[in-house]
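Let the sequences and hints guide you as you build the complete structure.
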Amino acid sequence: MTEIAAIGAIGYFAVFGAGFVFRPDLVERFALSWSDPAGKTEVRCYYGAVSWALAGFLGYLLTQDLADEALVGVLILASSVLTMRVIGTVVDGGMSHPYSRSALPVEALFVLAVAAVVVFG
Numbered sequence: 655m656t657e658i659a660a661i662g663a664i665g666y667f668a669v670f671g672a673g674f675v676f677r678p679d680l681v682e683r684f685a686l687s688w689s690d691p692a693g694k695t696e697v698r699c700y701y702g703a704v705s706w707a708l709a710g711f712l713g714y715l716l717t718q719d720l721a722d723e724a725l726v727g728v729l730i731l732a733s734s735v736l737t738m739r740v741i742g743t744v745v746d747g748g749m750s751h752p753y754s755r756s757a758l759p760v761e762a763l764f765v766l767a768v769a770a771v772v773v774f775g
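Numbering-wise (my numbering), the sequence shown opens with residue 655 and increments by one.
Calculated directly from the structure, the hints in this document are not laboratory data. Cβ atoms here follow ideal geometry from the backbone N, Cα and C, with glycine treated the same way. Be careful, since some hints might not be right.
Computed Cβ-Cβ distance ranges for the label pairs, DEER-style [said to hold, decoys possible]:
#1 Thr-695 to His-751: 18 to 26 Å
#2 Gly-662 to Pro-759: 23 to 31 Å
#3 Met-655 to Ala-767: 35 to 43 Å
#4 Val-773 to Gly-693: 33 to 41 Å
#5 Phe-676 to Val-760: 23 to 31 Å
#6 Gly-673 to Ala-703: 33 to 41 Å
#7 Tyr-666 to Gly-713: 18 to 26 Å
#8 Glu-657 to Glu-682: 31 to 39 Å
Here it is in structure tokens:
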């Protein structure tokens, strides 16, 4: 039963993620503005709470002596974010935005640092 639930969760996140990677305009269906109350809640949920959940899960892995696995998870997450930021910046034409110009090098350095620790221990 646990494996079935895990597979279901993988499917949920994969489909949800694919929807927004390939059709970011789907966000308009939610009728959210990042400065209105529901939009602020969404930012808190997906920027704040998801980050806390990942930190908690990584902490849990550390308590189980799974530091290597935790770091590989960080590398997968950070590499995914960096890859999509590069693709999105090119496709969406966002390189002129100051946020993109700072986020890209910071995320790239983070991925390189984590990868170095994963590879060289």
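Please write out, lowest number first, the hints stated earlier that are contradicted by the structure.
-> Those not satisfied are hints 2 and 6.
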